[in-house]
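Asker: Grab the two chains, each in its own frame, and use the hints to assemble them into the complex.
Now for the letters of each chain:
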Amino acid sequence: MLSHVRRWIVTPLVTLVAASFVLYTAVWLQPGNPLTLILGTRASPAQYRYMAHKLGLDRPMPVRYWDWLTGAVHGDFGTSLVYKQSVASLIGPRIVTTFLLVAYASVIILVVGVMLGIIGGMSPRAAPAVAGLNGLGVAIPGFVAAEMLIAVFAVKLGWFPVLGSGQGLAGRLQHLTLPAFALAIASIAYVSQITRAAVSAEEQSPHVETARGRGLSGPRILRRHVLRNAAMPIMTVSALTVASLLAGTLVVEYAFGLGGIGSLLDQSVQDKDSNVVLAIGLILVLVFVLTTTALDFLQYLMDPRLRLKAAARWH
Amino acid sequence: MNRHRQGRLRRSRALAAAACAVVAALAAACSSSSPSAAPGAASAHLVVGTYGAVKGNVSSLTWDLPFGEPNTVDPPNTADYSSSLIAGNLCDPLLRLNPNYSIGPYLATYHQPNPMTLVFNLRPGVKFWDGSPVTAADVVWSLDHAAAPSSAVAFTFANVGSIKATGPRQVTISFKKPDSLFLFEMSTFVAMVQEKRFAQRAGSKLGSASGKIMCSGPYELSSWTPGSGMTLTANPDYWNPADRAHAHTVQIQFNTNSTSIAQALISGQLDGAYEVSPATIPRLRAASSGKLIFGAPSQLYLTLNVARPTGVLASLDIRKSLFMTINRPAIAKAAYYGAAIPNWTQANIGSWQNGSWPEAAQRIWSAAYAGFERQQKSWGTPAAFTAAKKLATAGGYHGQPIVLATLAGDATLAEVAGLIQGWAHEAGFNVQIKPLQPLAYSNASYNAKYRTGMDLLLGSTFNNAPNPLEPEGLTYTLGNPYNYTNYNNAKVTADINAARQTSNLVDQARLMTDAQAIYERAYNEMTLVQFDEIMFLKKGLGGATTSFAYLNEPSLALIGKAK
Numbered sequence: 003m004l005s006h007v008r009r010w011i012v013t014p015l016v017t018l019v020a021a022s023f024v025l026y027t028a029v030w031l032q033p034g035n036p037l038t039l040i041l042g043t044r045a046s047p048a049q050y051r052y053m054a055h056k057l058g059l060d061r062p063m064p065v066r067y068w069d070w071l072t073g074a075v076h077g078d079f080g081t082s083l084v085y086k087q088s089v090a091s092l093i094g095p096r097i098v099t100t101f102l103l104v105a106y107a108s109v110i111i112l113v114v115g116v117m118l119g120i121i122g123g124m125s126p127r128a129a130p131a132v133a134g135l136n137g138l139g140v141a142i143p144g145f146v147a148a149e150m151l152i153a154v155f156a157v158k159l160g161w162f163p164v165l166g167s168g169q170g171l172a173g174r175l176q177h178l179t180l181p182a183f184a185l186a187i188a189s190i191a192y193v194s195q196i197t198r199a200a201v202s203a204e205e206q207s208p209h210v211e212t213a214r215g216r217g218l219s220g221p222r223i224l225r226r227h228v229l230r231n232a233a234m235p236i237m238t239v240s241a242l243t244v245a246s247l248l249a250g251t252l253v254v255e256y257a258f259g260l261g262g263i264g265s266l267l268d269q270s271v272q273d274k275d276s277n278v279v280l281a282i283g284l285i286l287v288l289v290f291v292l293t294t295t296a297l298d299f300l301q302y303l304m305d306p307r308l309r310l311k312a313a314a315r316w317h
Numbered sequence: 011m012n013r014h015r016q017g018r019l020r021r022s023r024a025l026a027a028a029a030c031a032v033v034a035a036l037a038a039a040c041s042s043s044s045p046s047a048a049p050g051a052a053s054a055h056l057v058v059g060t061y062g063a064v065k066g067n068v069s070s071l072t073w074d075l076p077f078g079e080p081n082t083v084d085p086p087n088t089a090d091y092s093s094s095l096i097a098g099n100l101c102d103p104l105l106r107l108n109p110n111y112s113i114g115p116y117l118a119t120y121h122q123p124n125p126m127t128l129v130f131n132l133r134p135g136v137k138f139w140d141g142s143p144v145t146a147a148d149v150v151w152s153l154d155h156a157a158a159p160s161s162a163v164a165f166t167f168a169n170v171g172s173i174k175a176t177g178p179r180q181v182t183i184s185f186k187k188p189d190s191l192f193l194f195e196m197s198t199f200v201a202m203v204q205e206k207r208f209a210q211r212a213g214s215k216l217g218s219a220s221g222k223i224m225c226s227g228p229y230e231l232s233s234w235t236p237g238s239g240m241t242l243t244a245n246p247d248y249w250n251p252a253d254r255a256h257a258h259t260v261q262i263q264f265n266t267n268s269t270s271i272a273q274a275l276i277s278g279q280l281d282g283a284y285e286v287s288p289a290t291i292p293r294l295r296a297a298s299s300g301k302l303i304f305g306a307p308s309q310l311y312l313t314l315n316v317a318r319p320t321g322v323l324a325s326l327d328i329r330k331s332l333f334m335t336i337n338r339p340a341i342a343k344a345a346y347y348g349a350a351i352p353n354w355t356q357a358n359i360g361s362w363q364n365g366s367w368p369e370a371a372q373r374i375w376s377a378a379y380a381g382f383e384r385q386q387k388s389w390g391t392p393a394a395f396t397a398a399k400k401l402a403t404a405g406g407y408h409g410q411p412i413v414l415a416t417l418a419g420d421a422t423l424a425e426v427a428g429l430i431q432g433w434a435h436e437a438g439f440n441v442q443i444k445p446l447q448p449l450a451y452s453n454a455s456y457n458a459k460y461r462t463g464m465d466l467l468l469g470s471t472f473n474n475a476p477n478p479l480e481p482e483g484l485t486y487t488l489g490n491p492y493n494y495t496n497y498n499n500a501k502v503t504a505d506i507n508a509a510r511q512t513s514n515l516v517d518q519a520r521l522m523t524d525a526q527a528i529y530e531r532a533y534n535e536m537t538l539v540q541f542d543e544i545m546f547l548k549k550g551l552g553g554a555t556t557s558f559a560y561l562n563e564p565s566l567a568l569i570g571k572a573k
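Chains as they are written, first to last, in our numbering: chain A, 3 to 317; chain B, 11 to 573.
Don't read these hints as lab results, they were simulated from the structure.
Errors might be hidden in some of the hints.
[As the list claims (entries may be wrong)] Residues from chain A shown here face chain B by an in silico Cβ test under 10 Å; the list is partial:
| # | residue |
| --- | --- |
| 1 | Ile-40 |
| 2 | Arg-44 |
| 3 | Gly-58 |
| 4 | Ser-91 |
| 5 | Pro-126 |
| 6 | Ala-148 |
| 7 | Ala-156 |
| 8 | Val-164 |
Even glycine gets a Cβ: it sits at the ideal position worked out from N, Cα and C.
This is chain B alone, in the form it adopts within the complex (with noise of 0.2 Å):
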């Protein structure tokens, strides 16, 4: 969702009851769409899709965010790891989202009489925390609130022409044109419904520590202290018992400091956190209080973009020869301690391996990548080097710097950023590093007027839809703020467009690989690694969530007393 995420991003079911605690190698196992082979999946410590199940409740969990305080818990405007995390759990979504990213009906049932309409029918006896029963009128005014100029997510209502209530209990949505992701986003924050009136009340404070919410789902939100924490509530009438929360109340707290997490961790103080900083996994490793978890499947993925379509880089040769200096795996290994795998193209292994795409599409995606890795896996050798550096001096380098910006204090970044200092130096690279405050390296990630002087952008990112027509639509179409270097190829555009419109998933795998022939040659970014979900739990809770679903589901009220 944010490209680069900075600071602040996303749900489950736990109908695969039946938790699947196993190893990378049983992944098709628990992602009943996995494909049998799973490229990189190499990571000792990887759960697939829920972590322990869950027997019975306990009385209070305390929960911490890493990335701080939510600024608001207004669904369309959670697009940050805190904030989508409690509205995850305190509102419903109109699909579900499951651990394998495959979704189902929820709060309602949908059918799409054409490509161009889709329907939904509301579940009877939903009813609001006050006891008001959810009806259309409630889920036009969300949807419409989500599509408002206002919103983070307005851009995933661009194809859409209309959203009517057709019925006490039915919407139905028309579209401008067909549009295959905007049904996944309908089991995403996009879509989480809340109770009109109540909003409305709240005009400008709605979501925040004073205006509140109104919603339906398993925890209410019964307390929030700006700066020191917030109480979740269990919902006693809540509607539905697969997703009922398995605390009485949920207290989540707002520490940042990554060292002073895992020592809240290891003293048992915290029950648990998701986005657990790498840098802590050693000491976490060994902790006796819990179990430090990878998980997947992520969407999680760490990139290097050129950032300009001028300057050093602007030759292709040039910023070949620099790709072909990086090492995937050591930076795998040495930054992320084995919670993460080489991702060898632009897409991230995630977004293609997991339960929302049919096995034969998978297949398509698997047989693509497996060339690229075949074509890239000497890359960072001494080899590569030398050959590196003869390319580039063919392409006219002679030393001039080339400006890496990266986020400044993330220990993470700043280590894989030194990393390729030092690799391209062994090519006669003269990487400089820039490190940027939060705000100006988000303005640089969409904004060309932020990225002057700069030829690379490091930074770690995620997909909201796990497809990778979502990054890839953003990144390799004229005019999209993330098309940094003015990419345009014609096929490519076609492809991808034509990807977008329909809802076929086997031909959307082949035209999207298809534009993924041209685009990977043109060595505008490189994803390094898919980095896993790093998450911990106190020893006797079970029921978590492990894949990056958990931003888009319940998945506190998920975690219980384990078995």
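With the rest of the complex left out, here is chain A (with noise of 0.2 Å):
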């Protein structure tokens, strides 16, 4: 039980610690006075040093970190120091548009990826247009992708607007669809990739032969005996790439305007507002260590030999 205590809480935590401290030591070395944000060109050194102490910029750094660490497990992330509000009132309007982003991209990849492994892994005729299909997504860059598309679905087919998130949920949908589609392109071939030779190594293996010897149906080899054993690396596989599209989505945000937290995490860099590029920094972390802790816990329920591996090791 400790083991699983340690394995599911303590080191996800430890994780985030040691990343926030990473970060805020990253952005302390970055060169530059932030200051220069707030008061021009022009203003007196007696006003830099007024405003660095107003701000307790001038306090040493693991002052600054440990005020920032008790804060934040306070659930207070501090302020901007370039917007001049909380940290959590920039990043609540954005994080909304970026996680319906990601999880719009991560229907797309999963429902299409997915889709068309399988196709390509059960049918040797189609297996070399998937495989072409994926070279070209992996082939494309998110930046190139979003231009394409803005280029023929929002500026020649007006289909789509250019620019923005757009109102309510059909507003912000139909916004979000050529950004999501841009984002998908290169995880969808991916996904593809790795489930094409998943259930193609699977539909050769003894077991599928047997079900097949055995005269079951087509549909029901390939539910049973197939997606079952090849789920494990598409879970995988799968859920990786989906907790990186969150840190993926700068390009796409920045191609069609969306203010959500890549772009702002980009600008914050750029103005060494720390305080904001510590918060999106650890909600990056957190989303990957959450997805890998729920993968782990997911592949330990599906997978007997894990769980009798682990009654083993207790014994």
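Answerer: Rendered as structure tokens:
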């Protein structure tokens, strides 16, 4: 039991604190004085000293980090140096956009990617076409995909808006369709390729041959014997792909003018706005840690061999 | 204002209602006090003052801020493009800046009983959005707030002794010494008036998305969703019919991707934008959805500064010879697609060729300018390369690297840096380009510590005050952060100080051109081109201020249905 607590609770927490320290140090080490963004470039040295003292920027780095950490533990992530508002109120509206974008792209990746992979894995005739599509998908960078989608579907055909994140659920979905596809294209190819390989390997395995020999129907073989066994690598790759999408939103948010946390992170790193960088950085780390922990847990539940190994260790 | 703009500054008046959509040749006709000669003004699309007359209202406008989300709308801290445009539509300054850069009364009338005293008398009947009257106490608070150490424009109050309410609607400013630039600042965001009570209650959140602001301008800030956009709503009780809002609402977007902005303008999703990227000019020129406008007078220009007093460019011969390799007309054509003109003095043309100068003063500036143009217009040619090589060798140059720092991620600056590197190479110079991240670049522009190892700093900049006194006063007086080379000349210092203290603009022009004749020979800085204010406006709309003065006036309020 203790090993489970360590694995699923203590390790993620230690990862979060370590990540926060690394992020804080990285922002602190970055050259430049963020007060320029508040005072402009014509303020006197005395003004700079006054503001540094007022905002606590003249204190040693470990003291500032400790203050931040104790605040964060109590749910206070501080105030943005540049925007003069609480980090929570700055990130709140943006995180909705980013999470919707990631959720939309995830659905596209899982549905299209897994489907293409199954087709490629099951049908030797479709396999080269699926492999070709996958190659193309992986080769197109997100920003190129974004520009192509905008040029065709927004400017030429006028089906979708070029910019902005929209109002209301329907408006948001319409605004996020092109960005979600731009974000998903490379990952679709990746998930599809893994699925195709996993399904193809299972297709040729003895237990599937046996099932065929027993005269079981195609769909039943697919469901009970192929997908069930191929699920583990597909699930692992899909979960890691979806978790890493969050970090990849920056390019797509920039291309489509979406105010999400990706573009805010980019701007805050440039502005040396450490409280904002830390908060977003930790959200990214937290999502990744939660996803991998959840994956770990699911694998444990789904794979009896893992449960047997764990049980053997306890005895 | 920010000597090197890095991404974030500036306003007019529709009274020039006879909208001057004219080509450069007609500049003088539009700008009442422009000189008859317009040196270098050559852009075929140049629109001086205002584009299109307005016949009515529109229900809404969708406008983009290409430099991104404002970090504040608290006026004295809006010294960047995005913040200043919004503040200019929300808040009224004491005086009015017109598209040709002349100033006039607005929230207040003024008089100067003597050079040491400035008296403002507030217009009666002006109310903040919440219905409270604008009082002298609000004005004093707003000016004190702008002069506070936490303000980005505190330096403009350097010569101010006291700011006092001397009546319910009267404010008197006393000076420690006369300051000819101060009155102009009263027509900018420096002197925008906000409600004292609201501001004190908002505290440190004043001007932010959560703290907001209380002003008296033609638009109210009705919503601000961080990362997503802002909504401005017309102020129904606005005091000034000439500057009233012509749209019921304005949806502000914060998109910074120049390609996507161009596509949204072409597809008609956006109604317009100021500060459109020069890199998108070829695409927007062909757009049928609206009009690409190059506006004047402009206070925007591109400069190349010697970055430190030491290093290879400490030699006068070497820096002059390097400057001789640069072809300014080619930069205007290649990097700005014609939305710029070569500029032959360190003072940009627009700083003296505008409505704030009387014609006699402009003639003095123009004559001085013509001399420098004659001297330098052969620079950047093969003959100049040969002469430059000879002069550099005589000055002791033998291939040492010359580090040219510029802003990373700016396509136009990257192109210009590449051109400079190529021309310099023709004359035997070894120029190495060093791109800097925005914060590092901004820091380098005002603090020597951050310019270590750099020889040249390339960047675009602008003037807040349309007067060479602002940039040259900052560059050629000792102890100033923009005096990168520690330039010190007693006559130049005396002329600049005397010019700052005289309110006679003809005398000021004489003093400044005397100083110019000396400091230009030091080759510490080179203004390469002055570029136009580049904007795009959707078909069917009019009333847009096209000059750089748009940043200090309610420019969005003036845009409505075109005649």
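Asker: Confirm or reject each hint.
Answerer: We went through each hint and held it up to the structure:
A hinted interface residue such as A/Ile-40 counts as satisfied when its beta carbon comes closer than 10 Å to some beta carbon of chain B; here the least separation is about 7 Å, so the hint holds. At its closest, the beta carbon of A/Arg-44 sits 5 Å from a beta carbon of chain B; the interface hint therefore holds under the 10 Å criterion. The interface hint given for A/Gly-58 is broken, as the beta carbon of that residue sits about 13 Å from the closest beta carbon of chain B, more than 10 Å. Because the beta carbon of A/Ser-91 sits about 5 Å from the nearest beta carbon in chain B, less than 10 Å, this interface hint is met.
Annotation: A/Pro-126 was flagged as interfacial toward chain B, and the flag is violated, the nearest CB pair being 42 Å apart, outside 10 Å. Taken as an interface hint, A/Ala-148 checks out: its beta carbon lies about 8 Å from the nearest beta carbon of chain B, inside 10 Å. Taken as an interface hint, A/Ala-156 checks out: its beta carbon lies about 6 Å from the nearest beta carbon of chain B, inside 10 Å. Given hint, A/Val-164 at the interface with chain B, holds; its Cβ is 4 Å from that chain's nearest Cβ, closer than 10 Å.
In the structure shown, a violation is registered for the earlier hints numbered 3 and 5, in ascending order.
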